[in-house]
Amino acid sequence: MSGNIIEIRHLRKAFGDHVIFSDLSLTVKKGETVVIIGPSGCGKSTLLRCLNGLEPIQGGTIYLNGKPLEYGRKSLVKIRQKIGMVFQNYDLFPNMTVLQNILLSPVKVQKRNRREAKEEAEQLLEKVGLREKADAYPDALSGGQKQRTAIVRSLIMHPDILLLDEITAALDPEMVHEVLDVVMELSRNGTAMLIVTHEMAFAEAAADRVIFLDGGRILEEGEPQAFFHSPQTERARRFLSAFTYSES
Amino acid sequence: MDWSFMTEYAPLFAESARITVMIGGIGTLLALVTGLICAWIMYFRIPLLRQIAAVYTELSRNTPLIVQLFFLYFGLPKAGVVLSSELCGIIGLTFLGGSYMAESFYAALKTVSVSQIESAESLGLSRYQTMRYTVIPQAARAAVPPLCANVIFLLKETSVFSAVSLADLMFTAKDLIGMYYNTTEILIMLAAFYLLILLPVSVLFSLLERRMNRGRI
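So the sequence lines, in the order shown, correspond to chains A and B. Okay, so the first sequence: first residue is 1 according to my numbering, each after it adds one. Okay, so the second sequence: first residue is 1 according to my numbering, each after it adds one.
Just chain A, same shape as in the assembly:
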């Protein structure tokens, strides 16, 4: 089990009678970037939300660094420091500046020294090109800048893994790039990530492994090259063909 940051075994998740996953297993190794793709409603986001404890699960076990996750309130607080999550709609806190947004968790949850955390925040902001926006409020930022801030807000916690839930889906095309550049850099530096995205070119470039999810099951799993250029299943072929426009 060593080397696995996340190991999901026989996960079962249902909303009432509506079963999302009946038996899903998946691992993410240390330093690995795993990209999940699949049609809307296939359970991609739900999977990330289960990992972060935002959704209770109905069966199976999720291991973080070999330890099974517990869903009590206290342990959730600990888990969430280890599992960072970035959302589609950024969800920065509008009542705080960029810097305050970033420092909230390290200072209030991790009880780190404010000055030391601030220094790190500034370094991280510098890295994502937002050093001069530290004192701006989210309302004054573009979508891309907000999302880069949200990534920094997660990174400063030093999570073992980062969950990215369609983080470019709400962005203008021009801003997608600046956000993906940041993620690409993280991937190169060996940050373990589980990414849900519809950006196929990015998925191919960043992923160490691609998982194709449909109907709550993993239909295909493999190297990005192989998956994108010679998918094994008909379902994956049909899904991928939807991303290249050809007149029928």
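I should point out that these hints are in silico values taken from the structure, not numbers from a laboratory.
A few chain A positions that, by computed beta-carbon distances, are all more than 10 Å from chain B:
(1) 4
(2) 10
(3) 25
(4) 99
(5) 230
(6) 238
In silico lysine-lysine, DSS-like type, Cα no more than 27 Å apart, as pairs:
(7) A:108 / B:110
(8) A:127 / A:111
(9) A:82 / A:127
(10) A:74 / B:110
(11) A:74 / A:108
(12) A:108 / A:127
Note that beta-carbon positions come from the ideal geometry of N, C-alpha and C, so glycine has one too.
Given chain A, work out where chain B should sit, using these hints.
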């Protein structure tokens, strides 16, 4: 216009204005506290208390203040509870205002989206910290305009206190009209004194609103 009449009775108006402000102020403040407690109960859907809060708000909002006051002033003594006019005014205003405050505070809390709360939780914030650092600051900002409206509404509602012989502005005005028939002068004085009380409140709240919007677009 009889100016000498107005100057003669200005001190009497000032004294009744003091009573209006005092009883109105205490009642409004208690209404605010009641509203905060009820909004909290409604927001966290605390069982039992939630049903009680629901019955209270319906009862309070769907009966006129004057009926509530009559009940306190003329009804309760029949059950052996005799309250002074002042106490009736304060209790009545608190009872009426609490529900209005509760509804607007609850609505303000609800303006903070679920995704904001999840975002805070996913950063490891406890439930208390989520409220303290994200929900309450945002809700407070949303609550200022309705709070202002409620405070002004309640201070104006004090004008029915005269019905339970509380010597507020309205009471004094009616009294003087009955004695001297200087209706125009008295009504102008009455309106002027209400403005004198309420305009500063309006100004104060717009300053507060502006302050809370600092740094926002």
